[in-house]
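All chains should be modelled from the sequences, with the hints used to inform the complete structure.
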Amino acid sequence: MIRLRILSGQKAGFDQEYKGFPFSIGRAAKDELRLADAGVWDRHLTIDYQPGEGWFVRRNPKASAMLNHAPLEEARLKAGDELELGAVRIRFSLSESEQRELKGRERLTWAMISIAVAAQVALAIWLA
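Each residue of the sequence shown is one higher than the last, beginning at 339 in our numbering.
Hints listed in this document are in silico derivations from the structure and should not be mistaken for laboratory results.
One or more hints might be untrue.
[Stated by the list, open to error] Simulated pairs of lysine to aspartate or glutamate, EDC-like, Cα-Cα distance not exceeding 16 Å: (1) K416 <-> D386; (2) K368 <-> D380; (3) K400 <-> E411; (4) K349 <-> E434; (5) K400 <-> E412; (6) K349 <-> E370; (7) K400 <-> D380; (8) K357 <-> E370; (9) K357 <-> D369; (10) K357 <-> E434; (11) K357 <-> D380; (12) K400 <-> E422; (13) K349 <-> D375; (14) K416 <-> E434; (15) K416 <-> E391.
Here it is, written out as structure tokens:
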């Protein structure tokens, strides 16, 4: 559902998709994204999804963090946002959506259009 790309720090270049929420980032062994960089606390940030509203990030009250170079406590996330926690910068984005196979629906749609056109031609011939 979301993609996090680490831009700086020991794991710079790391790019991963995450689907389970709430999702924690920090130094603790139980954090889903574990970082050992300077300035990173246990459960430094938590990302959660609220249906119909979107993704929200909340920081540990003892830690400091920035969202797009502004101090962060709690905020709604949007694609392209950058989080800073300690020496680490992370870019938040949405995962690419997986398109389902729609060939059956497409064939049914074309069949219905063909039937409608044939019916109109038959009606035009019958009325002429």
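Hint-by-hint comparison with the structure:
{"no.": "1", "hint": "K416 <-> D386", "verdict": "holds (13 Å)"}
{"no.": "2", "hint": "K368 <-> D380", "verdict": "holds (9 Å)"}
{"no.": "3", "hint": "K400 <-> E411", "verdict": "holds (10 Å)"}
{"no.": "4", "hint": "K349 <-> E434", "verdict": "violated (22 Å)"}
{"no.": "5", "hint": "K400 <-> E412", "verdict": "holds (13 Å)"}
{"no.": "6", "hint": "K349 <-> E370", "verdict": "holds (14 Å)"}
{"no.": "7", "hint": "K400 <-> D380", "verdict": "holds (10 Å)"}
{"no.": "8", "hint": "K357 <-> E370", "verdict": "holds (11 Å)"}
{"no.": "9", "hint": "K357 <-> D369", "verdict": "holds (14 Å)"}
{"no.": "10", "hint": "K357 <-> E434", "verdict": "holds (12 Å)"}
{"no.": "11", "hint": "K357 <-> D380", "verdict": "violated (21 Å)"}
{"no.": "12", "hint": "K400 <-> E422", "verdict": "holds (15 Å)"}
{"no.": "13", "hint": "K349 <-> D375", "verdict": "holds (9 Å)"}
{"no.": "14", "hint": "K416 <-> E434", "verdict": "holds (14 Å)"}
{"no.": "15", "hint": "K416 <-> E391", "verdict": "holds (11 Å)"}
Going down the numbered hints, you'll see the structure goes against 4 and 11, while the others check out.
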